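Asker: Take the two lone chains and join them into the complex the hints point to.
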Amino acid sequence: MSEIQGPEPFEPSPSEGGFDSVPPGSEPPLPKTRVLPVMLAIAAVLGAIVVIGIWYSRRPLPLRVLVAIDLDGTWWEGSEPAAELADKVAEHLTKLGFEPVRGGDPEVASILEDARSYPEAARKLRAAFLVSARLRPEVIEHQVNDGGSPGKPGSAPKPPVDKGYVELRVEAPITVRYLDDDDNGQQGRLSAWSGAPEKKEALRLLARSLANMTIDEVVPRLLAHPSIKSVLEGDDIKRMAQLQPAKGYVEYRQKKLKEAADAYADLARRRQEQERGPAKVSYHGAPSAEDTLGGAGPSGALVKTADVTPFISPGSLDLGWITRMETVVWRGQDGADRPLWSGYHVFSQPSAAPEGAPVLFVEDLFGWAKTLTVVGADGKARRLRVDPEHRFVAPRVAPGGKAAALHDRACRDCPGDLLVISLDDGRALYHLPIAGGEFYGFAWLGPSRLAYLYRPAPPPEGGDRPKQILSSVDLSANPPAARTLLTVPAEETWSSLAASADGRLLAFVLFGPGPARLATVEVDGGKVQSFDPGGRPDEPALSPDGARVAFSREGDIALLTLATGDVRPLTANPFLERSPRFSPDGKRVWFESLDRDPNFPRRQLSLVASVDAP
Amino acid sequence: MSEVALFFGLSSQRLRGRCRWGGGALALTLLLPYELVDGVPQLVWQLAPELPPAGVVAAFAPTAAGLAIIAASFLARRPSSLAAVVLSAIALAAVFIRLGADAAAWEVLPLPESLTDRPTAALLALSLTAAGACLAFRPAARRISRAILGAALASSALFYAWPARGEAPLVSVARALGALPDLPSWRFQLGMILLSVVALWPLAIPLAGLRLAFRPPAREHPVIAALAIYGLPGILMMFAYRALIGAQGGAGLLASVLAILILTGLLALVASAVEVLAEVSVSPEAALEQPPGLALRRAAAIGTAAVVLLGAAQWGLARPPQKGVAWTPGAASPDGDKLFGELLHAWSEARLRWDRRVRADSGAASGLVQVKGAARELAGAARGLDDDLGASIEALTREAEGLDLAGRRWYRLIGDVNEASRRAGLPYYVDPTVRMVQTEDGLRRHFAAHSYRIERVRRFQVGDTDFATLHVRQLGHRRDGHSRLGFSRDLQPFALVVIDELEPFREELAGLAAASRCRPVDAADAADAGDEALQRCGELLAQGATAAGGPAELLAALTAGTERHELQHQIDGPHLPLSSVVLERLGGYAEESQRRVNRELSAYVAEMTAPGSAPRLSLVHLARFALLAQRGAEHHVGVIALAAMSGQDLGRGGAVDRAAAARALAALAKESDDALRARAAEAWADLFGAPLPAATPL
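So the protein sequences, as listed, match chains A and B. Quick note: the first sequence, position 316, residue 318 per this note's numbering, numbers continuous. Quick note: the second sequence, position 296, residue 311 per this note's numbering, numbers continuous.
In isolation and in its complexed conformation, chain B is listed as follows (with noise of 0.2 Å):
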């Protein structure tokens, strides 16, 4: 046997090895946590049908590959096809994830973090430096470890230098760095240093690994690629065990250990099939003494085909929801009042009042009986409207009579009853709602609808894509805290801006205009007299007021301003660049909340910019968020839109510099409404790095 057939004798002994355990730990992902609530593990398969195709391809991509490697670690005779499949597997396991992460992200429930946050670059450069450490020992393959250790570097610079989340990592790292000093003891400093041994990890493992580019270790497996492997892991694996030690075990811990593992096997896995591939590569066919199959070309080639055929069919399944709609609604009739407005809810709360009780105790059969009335009820008066409507209600009935009803289906169902209703020409559209609460008995989802009469459609257009929103007025009695000046889904194809509550808010600003006061006397504000900031609040209010003219003008304004909001909202999506802003001030927040600042800035900002709108009025609505709020993602959304607005200061983080929000206020008073339509497009612009869509009406 030659020394290279020897080598490589190692690498596919480890390979595939490594296929069976890493291929196992890959498999189980199944068993990762969905996400904990109130530390009771929600597993992907009980989660499966709140996503949408892509997403359910990308949970269980995971553990797919994973099956598939130990498969092909028993099939696969050659280790260069081995290497193949494993590198494939993972690869259009990767991008199932992302495509079906970008795909589940518009619709009821996004994919975990635990799933789609992996830091790839920063993965492949421990990978990649493993398998250049294992190289670097052999004579024949010294060149080409020297290249993958280089491109581990690469890496591992792209992740740290990439601001993936609106702020490079190694900025974060060296910011984090910067505040150790003033960390209230030595036992937060050590923690940081901890944490920032695991970020940094990633890079001191490929710079370190660079030095065997330059002098060959002494071991075939050498200590680098051990680090590289299991350096991360071990560390990782010290904090669990410290929280086993602190008793604080569970299914989050559980949860943890095994995303350690998993990390572990991906991490040897890719390393492993980089090392075979790059030997095959470099040695002659018949000194590596491999058994007759696939040449590695054509392995490589089927291998590439997968994930590119795969990956089509990925992309094709994880296409955003159309937006935009084409829907003409005639005159409202007693039969549709009665049908959305009474039957519809009768039918809604006789459903989650059986759905609550069956669950709860054994005396639910009333609960059942009254559904089905209600349900034979509503599908009979929505077949005297219109015979697609009719089949529309009876469809959902009857599914929704199921205890584990999904709720991307109620929304699906809900949905089939709207373009039921837009093709018949009705003015009534239904707004699914899905509450999901964790109980003792597990999750539950409650489901609602609200429906609302549809008074008038306004089509937009944004670059390429239609866009519309509805202004509605709600039916029947029972809202469930669902009153709002408008809202936006980003499954559904339009935003809505309710009529019937921009009435009363437009009351209330009237009465408080009238006062120059930004929120209602009472005795617990008496502060409000000697706070400059709330006083030039109060003004601008009264000048948005009257500047807006009597009160069925200052009614359009509100509704131009609401609906230019709930639409850039429909044009945002879920994929909003992070505004560096945001990023800055909300550094330390989860990202949901960060996400949800985001988007709120983009739309506040973006409804001053509209044609009709009172701009001085949306500034109030700001102000207020930022003056009159302490915590909560309007409260930062008023700072920073007011920071990015006026230019000044309003303080990073803590309370909020109120003299310099007077000022704020007080410059932009003195402009003219243009002006702050202006100054709102150039601050979006600022805020996001890229000039705000124009919306056209069609």
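One chain only, chain A, in its complex shape (with noise of 0.2 Å):
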């Protein structure tokens, strides 16, 4: 056994003898260990542990943002539209900087569909901002009704003959909301409209002009939270560089924002100071604003805008601009507006009778049909006519506001025929088709009476080319009677007719040897009168006792006193001026001043100004 190498024989371990078996008297007891104040610090520390490693996994992340837009129902209720803008938003987050909860993750989806309120699923998703608005679009269903062939005169309105176009509109409140504050977040607006000939794709396209708008309204307000402050001036350089692009931006979109409008500001003064004309020019609208001049009647101006708001692309960080919906509006002298119609779009000018009502006009809608729609007196609008192919051209509403003439092209690129409906159930009461001719310009000379001013196809065989015949046609006779009232001499071309208010004189421009002239024609007698105004003059506009002639001359505004000759500057400054019309007390010229947009070369603005005419 001396051999042998291996462990010591075993001693008696305390487990198997035990301390309480040592005999009394043989060695002191140990003192007890107090064991249970141990334990308890232990079991404290540990619970103080799980509770802080419980709120460490469950406090919201101070970048991370919950998009819930509710947009014809939400992204986990199987929208499509919604959870379209909700990736465009979360996709612009991301990229500058923030954490949007993940969309389309099933655990997330879940959380949002058994949450009661969005506020609870944002905690339980640790979000630190929520995002939320409930957008219903207003659905506008467009049928096509084609009003009946225009060469047919009196044929009722055909029933619709494709499946419709959907416009969808909304406007609605976003809120920015951070959890742990007590108010209930700050509001910013969305704005927009869509069309399409299907519900889905006018949603789709919805969502897409929601996201930059939504991405507009939303990052600004995180940034100015004091809690994303606290992370920019913090001291947590990773999260700091994280929100660096947000930042870039919001200062970056608020430079080119103020910078866009100085410019226009700027514009606004240039107007005042480079104004050299002997009255003074009122403007009446936004220096930004691109309004269309459709007439003048007893509330002012009867005005189309088209105006925009100045956008910065988070994507791209240009400056673009946002669409607003057009509108029609009476804006009176002092630049309020009473509107009429809004809608996508209006093709040239709108028109309404002498009498102020009806107000006809050329909607376009979304580049799938044009229409003629009429708003009433009632100030109600009704569509006589919607059409895919034909396009309707400067319709003019006769006085007393039972009809209107127009030119009718039956498809983009065709020849204008010269169209008169009802203004009541948009039959059409008189077509004389173009054949080949050609139309300089109609004039109502009473509720039923239209002058218009034609030039026949030259013969098939050749020769001269025919004369311009000035004609008149009667609508109240049955059927309308059309008859030549004069036949203009071969060398000169009239063009531009406008009439006075009670029907007897037409003005016109006279193109013949020499230079452009103005001239009226007496419709009974036949009479003409011509006058050298000094320039190229353009677009004549009688006042309504047909003594004096408001025209545009190379740029500005003059104004002829038939019984003197004289001609008179009304505007004199290096804007285009155009498109006078007199107001219906004959004291006021109202026209369109043009000029190029600072911000945006592709766009020309338009304002709608007047001045007092002696």
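No false leads were slipped in.
Below, a sample of chain B positions facing chain A; criterion: calculated Cβ distance under 8 Å:
1) Trp369
2) Val373
3) Asp376
4) Ala379
5) Ala380
6) Ser381
7) Gly382
8) Val384
9) Lys387
10) Gly388
11) Glu416
12) Gly417
13) Leu418
Think about it this way: if two alpha-carbon atoms lie no more than 30 Å apart in a straight line, the pair counts; the simulated DSBU-like pairs of lysine-lysine are:
14) A:Lys202 with B:Lys353
15) A:Lys231 with A:Lys258
16) A:Lys126 with A:Lys240
17) B:Lys353 with A:Lys201
18) A:Lys231 with A:Lys257
The set of hints was computed from the structure by calculation and includes no laboratory data. Nothing here was measured: the structure is a model prediction, and the numbers come from that model. C-beta: ideal position from N, C-alpha, C; glycine also.
Answerer: Structure representation (structure tokens):
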């Protein structure tokens, strides 16, 4: 056994012998350890660790944002437009350094489905911010109705020939809320529209246009919140760096938008400074407006607006614009608007009866169809025709408001026929095909009498160009009777007809030997009187009393007194002025003043202005 | 205390200690990466959903065994009971792993080699040597120590002589040592010697231990016992250390160190348990002075019963999938074509897009909505065809909304759709695909579903087992590289023959046959004119096409060959024995490559035997593999199959002997189709050591 190199023989271990089994008196017993306080202390420490751990794992993440926008439902309910909007917003927020809650994650969807409220869901998802909006788009379904064949006066409007077009409009608040704040957050506003043959597509387009707007509304508010400011000014370098794109975007946005606003303010100031005319010009609109003057009436000027809002794209950081809905309004001299209609787009100029109602204009339904829309004295809009093929151009409402004349082109590049329709039901009252000839203008001589200038087509066998014919058509006759008032001398060409309020006198621009002139003709006598106003006159407008003619001349507005032949400039400035219209009392001339948009070179500014016409 | 009790106390104490650290090491198997993908460890719990139940049991078995051993070290008072627990737990884990590996091989993901390819006999030899060496010191146990040392040597001999993977390990080592002079430098030679030492360690140690059978050691724990247990891990640790020094650390190194630790624990546990049990078996109960408890026999009986019962349960879990199917497809309908050809693909693609996006960024809400919308449309259309089909598709789409869907579950869900389609007599089959990719964010599974219209179902009997093939045409437009003449999955009960892939293949072959060429003419292969092997190949192709007859007959022949090919895959399953010819040619290749070549070899040779097939065209197929490709599984298959068919040596590795290939093709061209079929059957038997199973159509 001496060879064994194993361990020493076993000693009785404490567990085998046990301290308690030591006979009393052999050794003093060891003092009892106070286990309970130690255990309690350990338990307290462990409990604290657990509590801190739970708190840490559930605390909101400062840059996490829950985007909960209801657009025809929410994405977790299966709304495709809401999903597209949420994705686009999340994409932008991510690029800017925020941490949007992951859309499309089934776990996130489950939490959102189960939560009783968005804030509850946001807390469960550890979001510090909640962006919410409830967008319920107004659905406008456009039906096609071509109002009957233009070539068959009196024919009844046809039933719809296509499945129609869906327009969506939405305007609603959007809320940015910091969940630890007591208030309900800050509100912005979303306003957008879209149109498509199908509602689904229209919703998709709406979601796209809302995405940029949402970022525009949300990010500046997020950055302005104290918790985000503290991140940007704090000592967490990683988060601070993460948020630099957002900070850069907001600063850049503010700078560029201020520059844009300053540019418009400069333009307004320039307009005042550079006016050299004898009378003070009043501008009736914002310097950034793109207004179109349709006429003048008792309520002021009939104006079509096409406003935009400057906008910085969060993706490209380019200065762009958000296109607002166009409107047709009566605008008073004080600039106050009385809205008649709003929608996607109005072609050319609206027209109103001299009495102020009804108002007629051509709507463009998202490029899909054109309409003839009339707004009556009651302010209600009616579509007389909705046509995907025909183009309606330059409508003019007759005195009394029962009929309107316009050019009707059967296709985009087709020549325009002369068409007179009833404003009661859109029926064609008179239709004169262009038949290879040319129209040079028309003007209402009374509620049911229209004058027009027409040059027939050259004879097929060749020869001299046919002479222009000034004709009138009496719509009260059945069938309407057209008669020739006079034949224009062969060496002259007349255009741009304008009639006096009593329908006895017509003003026009006369092109003939020598420079262009202004001229008048007595409807019944056929007496022609011409005037040389100097420069190149255009767009004559007779005063209600038929004594004066306002016209545009090489970018300015001037006034001709027929009795004396005196010509007086009303404006003199570097801006392009056009489309003069007398106010019903004849004391004022309204017109458009055009200039280049200082912020968007592709856009032309157009302000409705007026000046006294002594 | 008696001498016997003293020694037994030492053994018992050692066993108990080893149970704690060795059991702990075994339990750490849970942390042993299942595999490393791009250096990222894939751990067993991450991949468990991909395993069949038997595979899951197997994957967790070592950990469970380790924990059981640790628990027993505290609970079992009698060392003999503890030893019984140790051996039972390890044996049970080994049984679980073996059966689980067999089961997993049929499915999506096999068990990793690190778990399944442990050389049991070699490890047993080392453990027995250690146990025998310790026992040899004790006069009372010397007799049994001799028996244990003899068993160690026998176990070692078994390991080295048994051609578990087609070749006896001793032959492999001898071949490696024989190649020593041919190695390029002394560094390679030294490396090979070191590897040989590792490989021969389980032989050297039992041989050295045998000496103690005649001359007892001078120490209670002799050096040879320590070498048996710690020697191999020590040598392996030197490799790990070298990797560490060479800055080759990372997850791979940690996995290696962990594997070495587990190996050490396993060797130590078995050695100690055997030692204790041997002492108990030869010593009187009273002399051992054990605490009261179960007698050895009862403990052993309980352990054995546990192994048998639980092993039987695992055997039940590990049954291979059923083969063969009774599918009577009705006529196709526009609704069915739309459902399987459009809606299913739309949903599958929407899901794939969403799956990819939702993991990459925060804006995938649209994707989820589209998936849900497509799922609603799909399920609605399916309900219109058949209620059960609708239910199975609803289950598929519902579960597929989860991001953590397992590949195995995907197969099961699609399998349920197919089963519903079969029960409803619909002529539609959906093929599931799962692609696993490692990304920066972890392992990702990409799921796809490709649908087919069934034109014909053929059933076969092979031995006592039914098999089936489906002749199908593709539906839908996106194939994702899924276009093949036919395919077979071990998991599924039938193979597929894709008719609309065979048709263009027929056109291609007919075009080449008209020109007597084996590949299209272009500027790059002007040298073909001087290549006799390719000329013979072209002639063989022309012969084969002519012999087949018209286009319809040619298509029928190609279909018959493809069907037999895929059917052979079904018959072989994942456990086809490795052909020694494959092992010889691909000795240095990964096991997966060897297995793939082995299985394709079996199928390509078998397809030539099918009645109605065109064996010449199959030979052309193989010749093109052999002559036109320079590497890849098909190249090896082509070379081995041509060599086996012709008896010519086409070269062992490296470039193909083209003159020999030309001779082989010329000789085979002279044979009739029936003779070629017979020759293919013989070749198969030569390659795989058993007659080719006959498939009888039902």
